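Undergrad: Spelled out, the chains give:
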Amino acid sequence: MNRSTWNTNLITALSVLILLGIWQIGAVLLDAGVILPTPGTTFSALASVVQQEPFSLNILATVARALQSFLIIFLVGGLLGILSGYSRSLHAFLVPLLVICKATPVMSVILLAFIWFTSGTVPLFSAFLMGFPVMFIQVEQGVKLISPRLHEMTVAYGFTPLRRLIHLVIPSLAPSIITGAKASLSMVWKVVIAAEVLTVPRYGVGSRMQMAQVNLETAEVLAWTLIAILLTAAGDLIFLSLLEVPRKLRERRSKLLEAIR
Amino acid sequence: MILKNLSKRYLVSGEYLPVLDDFTLSIEPGTITALVGPSGCGKTTLLRLIGELEQPDEGELVKSVEERGPLSYLFQEPRLLPWHSVLHNVELVMRPWYPEKEERIARARDFLTMVGLSDFTTFKPDQLSGGMRQRVAIARAFAYPGHMLLLDEPFQSLDTNLRWALVNAFLKLWNAEKRTTIYVTHDVPEALLMADTVIRLSSRPMRILENHTIGTPREERSLGSPEFLALQARFYT
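Chains as they are written, first to last, in the numbering used here: chain A, 1 to 261; chain B, 1 to 237.
No lab work stands behind these hints: they were computed from the structure. Where hints are given, some of them may not hold.
[As the list claims (entries may be wrong)] Listed next, the in silico DSBU-like pairs over lysine-lysine satisfying Cα-Cα at most 35 Å (straight line):
| id | chain 1 | residue 1 | chain 2 | residue 2 |
| --- | --- | --- | --- | --- |
| 1 | A | K144 | B | K124 |
| 2 | B | K178 | B | K4 |
| 3 | B | K63 | B | K178 |
| 4 | B | K101 | B | K178 |
| 5 | B | K101 | A | K144 |
| 6 | A | K182 | B | K124 |
| 7 | B | K172 | B | K101 |
| 8 | A | K255 | A | K190 |
| 9 | A | K255 | A | K102 |
| 10 | A | K248 | A | K190 |
| 11 | A | K255 | B | K124 |
| 12 | B | K4 | B | K124 |
| 13 | B | K172 | B | K124 |
| 14 | B | K124 | B | K178 |
| 15 | A | K182 | A | K144 |
| 16 | A | K144 | A | K190 |
| 17 | B | K101 | A | K248 |
| 18 | B | K124 | A | K248 |
| 19 | A | K255 | B | K101 |
| 20 | B | K101 | B | K63 |
| 21 | A | K144 | A | K102 |
[Claimed, not checked] Sample of chain A residues with no beta-carbon within 10 Å of chain B, all distances over it, derived:
| id | residue |
| --- | --- |
| 22 | F93 |
| 23 | L150 |
| 24 | A156 |
| 25 | H167 |
| 26 | P171 |
| 27 | S241 |
[To be verified] In silico contact screen, one side only, chain A against chain B (beta carbon under 7 Å); selected entries:
| id | residue |
| --- | --- |
| 28 | P148 |
| 29 | R149 |
| 30 | Y157 |
It should be emphasised that the depicted structure is a prediction, and the values quoted were computed from it without experimental measurement. Glycine included, each C-beta is placed from N, C-alpha and C at the ideal position.
Let the hints inform the model, and build the full structure from the sequences given.
TA: Here it is in structure tokens:
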């Protein structure tokens with residue numbers, strides 16, 4: 001680790017310590033665990049939450065909902081974004097849906113979805129409606145940035161639509177797809193947990209938060225919040241690591257080729 | 001190939017701008033025809049019509065049997081896919097015509113060797129210089145089994161030394177397989193050294209001012225000879 005990385009890490013650690021200090025001072029001054037428990041109490045609650053059964057089921061339920069929503073957003077938003085980027089008619093057709101999705105408050109979507117669907121489906125539906133415009137708009141904008149000169153080259157050299165999609169459209173859209181996917185993934189976690197809080201399905205991080213809040217277990221609410229933050233961070237980290245896989249494979253392949261030569 | 005009474009106009013600020021108006025030209029198969037004219041006269045439009053990247057408003061293109069089918073295009077810029085290697089860029093365009101991967105790769109390597117890039121096949125376009133990228137584009141145009149070659153000022157943005165190196169690389173490949181070539185340029189010396197026929201064009205709407213066939217073999221041509229000095233003087237007026 002070089003000196004500048006050391007410095008950066010030190011500053012980040014210092015920032016965390018200051019935040020914990022402010023939290024500790026605030027909790028001591030208030031002296032009311034129900035309103036603001038100390039960091040120590042919260043970490044104890046976190047330890048006991050992790051040991052509670054069915055902790056893993058609650059985590060898995062939320063992760064499964066978030067991943068399902070993300071996958072649907074990725075495929076539907078990506079595909080419709082590409083098609084809409086090429087078709088003005090489809091763009092015009094989808095504009096009202098996008099305006100509604102972007103302007104409707106998250107809570108309205110969750111409450112309406114709760115009237116229409118079962119509690120397990122509400123987080124999926126709500127996350128889709130909130131995350132879809134993010135992915136869609138990024139990909140649609142990306143289509144407009146595809147080089148017209150490269151497109152013309154593929155026409156001149158008789159590329160089939162499939163070959164053009166694989167070798168021009170998807171690689172050109174990669175930055176937009178990654179940005180859209182990252183932004184919608186972050187949003188999905190928040191909406192899924194918010195929907196779980198309101199609809200209280202049998203298992204889920206949001207359900208546990210709601211139950212803890214009803215029982216005035218503020219330390220447990222904070223503990224589940226920390227778990228939600230860790231899940232989001234882990235999701236981002238896994239996503240970024242997956243993006244590195246093709247590059248590492250390419251590097252390994254070229255090293256292997258050089259060694260063979 | 002015969003271009004019969006071609007017309008093409010574009011709508012600019014609410015008015016139709018005629019680029020080609022009743023334009024007729026006959027091109028000998030297996031020769032290099034240079035189209036020389038002022039910037040913006042419609043040379044590129046004509047090339048795009050021949051390449052079927054655009055359709056004429058009126059008139060028709062009549063191609064001989066050997067000129068029908070796929071076309072190789074060499075643009076002003078290399079237009080390489082930046083995420084693919086040099087070799088991949090060349091072999092990719094050949095896929096429908098050479099389904100056997102080994103044969104396709106061997107052909108792509110052959111053409112890259114001919115343009116002096118055999119050691120750079122695994123490089124990405126952004127790791128190459130401008131001249132090297134244009135050489136990849138030349139290799140791609142020749143490796144692609146286009147029945148005609150269409151060149152749109154492909155050496156225009158390069159310095160003089162590089163330009164002549166690329167012209168030589170091009171002619172070396174062309175001599176090995178003489179395909180009908182139509183070459184747009186505004187560089188008169190380049191046209192006189194490369195082409196069998198040089199066609200001087202007017203400004204918009206484009207018309208033929210002169211259709212000159214050069215009898216001197218390419219290897220004997222010299223820009224300093226009286227014949228070519230006279231031709232240059234004529235083409236620059």
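Undergrad: If any of the earlier hints don't hold here, list their numbers in rising order.
TA: 8, 9, 12, 23, 24, 25, 26, 28
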